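**Q** Next come the chains, spelled out residue by residue.
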Amino acid sequence: MPAADLAANFEPAVPALSVANVTHAFGERKALDDVSLTVPPGSFTALLGPNGAGKTTLFSLITRLYDNRSGAIQVLGFDVRRQPAAALSHLGVVFQARTLDLELSVIQNLLYHATLHGLGFNAGRRRAYEVLEQAGLADRAKDKVRNLSGGQMRRVEIARALMHRPRLLLLDEPTVGLDIGSRAALVAQVRALVADGIGVLWATHIIEEIVPGDHVIVLHRGRIRADDTYAGLIADTGAHDLSAAFLNLVDEHAGDQA
Amino acid sequence: MTLPVSAPPKPFRLPFAGYLICMAGICWREALRFLNQRGRFLSALVRPLVWLFIFAAGFRSVLGVSIIPPYETYVLYEVYVTPGLVAMIQLFNGLQSSLSMVYDREVGAMRILLVSPYPRWFLLVSKLTAGICVSLLQVYAFLVVAWFWEVELPPIGYIAVIPALILSGFMLGSMGLLMSSLFRQMENFASVMNFVIFPMFFASSALYPLWRVQESSLVLWWICTLNPFTYAVELIRFALYGQFDPLAATVVAGCAIVFLGASIVAYDPSAGVMSRRGGPEAAK
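From first to last, the protein sequence lines stand for chains A and B.
For the first sequence, this note's numbering assigns the number 1 to the initial residue and increments by one for each residue that follows.
For the second sequence, this note's numbering assigns the number 1 to the initial residue and increments by one for each residue that follows.
Looking at chain A on its own, in the form it has when it is part of the complex (with noise of 0.2 Å):
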């Protein structure tokens, strides 16, 4: 497994995800104006932003769906856009919209996931034991995807993205239409991945879903409002909460480019 081997090399200061400076505008529309932000290995760092903040399209880019066209989006080090296989190979991405084959059974779905990443079946079928093991979805292996829950959907699409061991994760609004149950267990599996240093970027607009420890980064119509701590967000706001810091942010700034 080349990104593995790669990734103990590294020496711990190269973040697992650095943007500088992408600006990214459809015609006339900004979706993001000089954003900033890095994602140190082994944290949760939460990008917070109400719907149309431009989160998507930050993630597009980091994915390269589309190449950025200002600045440079790094991942552990590598250009997404110089060096896209390397980059790529060290990415893990649940995107907003569900992206398994229903028809598959998740097994196939996870075996599938495992070749486009130059694994082959033996080894990409001991891996996903080990992925879904960790999700707790062992026992459904070889279930057609169509019969799961919305929960479990997402739990395999995480354990999906873990299949090639990637450093850096990036999920896109993944909590959206789960119960409170599901959502909780969501969360929980994502914030055991940072202990193996793992780096995560987690986009929500759910402010439940940060916890105090975590990193805070607030985008607001294509720009960065905030990239602080969970408490040093709530201190230079003088909110009582992060839910009246978050509100603070985005209603300041909201005359700025209606």
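Because the hints were derived from the structure by calculation, they are not lab data.
From a predicted model like this one, the values you see are computed outputs, not experimental measurements.
Hints may be right or wrong, so weigh each one.
Within a straight-line C-alpha distance of at most 20 Å, the following computed SDA-like cross-link-like pairs (lysine to any residue) qualify [as the list claims (entries may be wrong)]: (1) A:LYS144 <-> A:LEU104; (2) A:LYS30 <-> B:PRO269; (3) A:LYS142 <-> B:ARG60; (4) A:LYS30 <-> B:ARG33; (5) A:LYS30 <-> A:GLY42; (6) A:LYS144 <-> B:GLN37; (7) A:LYS144 <-> B:LEU32; (8) A:LYS142 <-> B:SER270; (9) A:LYS142 <-> A:ILE107; (10) A:LYS30 <-> A:ASP67; (11) A:LYS142 <-> A:VAL131; (12) A:LYS144 <-> B:ASN36; (13) A:LYS144 <-> B:PHE183; (14) A:LYS30 <-> A:ASN51; (15) A:LYS144 <-> B:GLY108; (16) A:LYS144 <-> B:ARG33; (17) A:LYS142 <-> A:SER105; (18) A:LYS142 <-> B:ASN36; (19) A:LYS142 <-> B:GLN37; (20) A:LYS142 <-> B:PRO269.
Using the hints provided, position chain B relative to the given structure of chain A.
**A** Here is chain B on its own, set in the frame of chain A:
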């Protein structure tokens, strides 16, 4: 913010075996999906058989086909039309797999494909290869049934046709790929199927020899002569009789390269439609 200076510019290369695994995986998924959709297989088989059993039988007495290469004797209309129907299977299959690309894009499965570290052109070629493998299955199923319908080809033809099918599959598949990059939604695409498949099929040498077309309309003959599908049909027709048609092979290979090149550009992250269409909607 500045970038970390310690970013290591280590050389990174994907192992060659990984390419093979990746392509095998894409073909494997396509095969699984194909087996899961019995209806698709059945309709792929029934469609040409309807033409063979009903259309060809009805026209047998109306249309006489004189001796033209590669045929050495007078042939029944069923025999004449069989290569055209084989090409039709590939035409449908090529557009259907690109239809599945559009569908994949709508449901997001495409994004999983595109975050693979392998180069995008390679992923697209793999996807094409997967489609061609499926079309080979469909063609052979059809040829078996046709054999029982007394469309018996020389034994060598059943083998010689494989390279022809691969080449024409590449052309039709990459044409579909190119179209899939231009259309955002399935509704658009469905109408394109009607505007592309039927004109291409009818204005070709699939159903009638071109000299007959020339007799009735010179304009139509020109259209047929310029239609790349005609050359796919002829390539397959000659191959089914163990012969090689250099003109057809050249045209089909040339078109395949042009279509494939254009679709690689269309799917390229910096130049392609992805970035121009862009926006959060396309990104999901």
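**Q** Please work out if A:LYS30 and B:ARG33 have their alpha carbons no farther apart than 20 Å.
**A** violated, 40 Å
**Q** Need the status of pair A:LYS30, A:ASP67: alpha-carbon distance at most 20 Å?
**A** Roughly 15 Å between the alpha carbons, so the hint for A:LYS30 and A:ASP67 holds.
**Q** Does A:LYS30 pair with A:GLY42 here, judged by a C-alpha cut-off of 20 Å?
**A** violated, 31 Å
**Q** So if I understand the rule, the pair passes when the alpha-carbon distance is 20 Å or less; does A:LYS142 with B:PRO269 pass?
**A** Violated: A:LYS142 and B:PRO269 sit about 35 Å apart, past 20 Å.
**Q** Please verify whether A:LYS144 and B:LEU32 have alpha carbons no more than 20 Å apart.
**A** holds, 13 Å
**Q** When you check the alpha-carbon spacing of A:LYS30 and A:ASN51, does it fall within 20 Å?
**A** holds, 15 Å
**Q** For A:LYS142 and A:ILE107, compute the direct alpha-carbon distance and say whether it is at most 20 Å.
**A** holds, 6 Å
**Q** For the pair supplied as a hint, A:LYS142 and B:ARG60, is the alpha-carbon distance within the 20 Å limit?
**A** Outside the cut-off at roughly 51 Å; violated.
**Q** Hey, A:LYS142 versus A:VAL131, does the alpha-carbon distance stay inside 20 Å?
**A** Distance of about 14 Å is within 20 Å: holds.
**Q** Below or equal to 20 Å on CA atoms is what counts here, so check A:LYS144 against B:PHE183.
**A** Outside the cut-off at roughly 30 Å; violated.
**Q** Does the structure keep A:LYS142 and A:SER105 at a Cα separation of 20 Å or less?
**A** holds, 5 Å
**Q** Does the alpha-carbon distance linking A:LYS142 and B:SER270 stay inside the 20 Å limit?
**A** Violated, at about 39 Å.
The structure is inconsistent with the numbered hints 3, 4, 5, 8, 13, 20, although it conforms to all the rest.
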